[in-house]
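Positions 952 to 1169 (my numbering) are the ones given, in order, by the sequence shown.
A couple of the hints might just be wrong.
[Said to hold, decoys possible] Beta-carbon label-pair distances, calculated as ranges:
#, residue 1, residue 2, range
1, 1018, 1169, 23 to 29 Å
2, 1019, 1128, 37 to 43 Å
3, 1018, 1094, 32 to 38 Å
4, 1077, 1132, 26 to 32 Å
5, 1003, 1130, 34 to 40 Å
These are calculated hints, taken from the structure and not from any lab test. Backbone N, C-alpha and C fix where the C-beta goes; we use that ideal spot for every residue, glycine too.
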Amino acid sequence: MNSTIRDARPIILRTSLAIFAVTLGLAGPASSQVTRGSDGGFRLQSATFENNTTLPPSAVDNITINGSNVCSLGGAAGGNQSPQLSWSHPPRATHSFAVIVFDTTASFSHWGIYNISGDATGLPANAGVAASTYGTEVVNDFGDARYDGPCPPTNLPPNVHHYVFTVYALRSELSVPSSANFPANVEALFHALLDAAMRGEVLGSASMTGLYSTTPGT
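Let the hints inform the model, and build the full structure from the sequences given.
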């Protein structure tokens, strides 16, 4: 999220996320190996980056102003591609997956995709293109139904932003209300996951965190 982009997220989304975390017992720092439920260690990894390390240029947004990418140090182009993700040991009754990318520093969503096949063991790099074939995408806080990478403001502490990638395992597919005039966004996906969790439909989750800053020296 760059300072030129207004975050219009209602405060209810932050409240929903907090309630959802408590519901699933997800409070606490994200890690690359997170155990959820009774089916063993549900684990999320990436070939693009390691947990709690800086995201590479391939995953960074590319917003050009006066010929320079404001989302990177030095103005270098960003790939704006969702990182490769792979997960293992999901709960046995899993029928579908959902993935959300959320900047916990700025309370800003970068990607949401749901109804990923229960047979999937991950997502390839750049699965978050518009009209992805890997699941149903929702509108992020940039206003796009796709993945948009990090673009934190420069010299606005805290300078290092934390991007949490979370995969959720579900007992069934999700239904997220959406229409042509009011397409579903990440807030709607959060609420659908919260409702599913209250019904016992969310079987587990696994998370990992990527870091990024546009402020020199951080």
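Checklist line | Hints not upheld, ascending by number | finding: Of the numbered hints given earlier, the structure breaks just one, which is hint 3.
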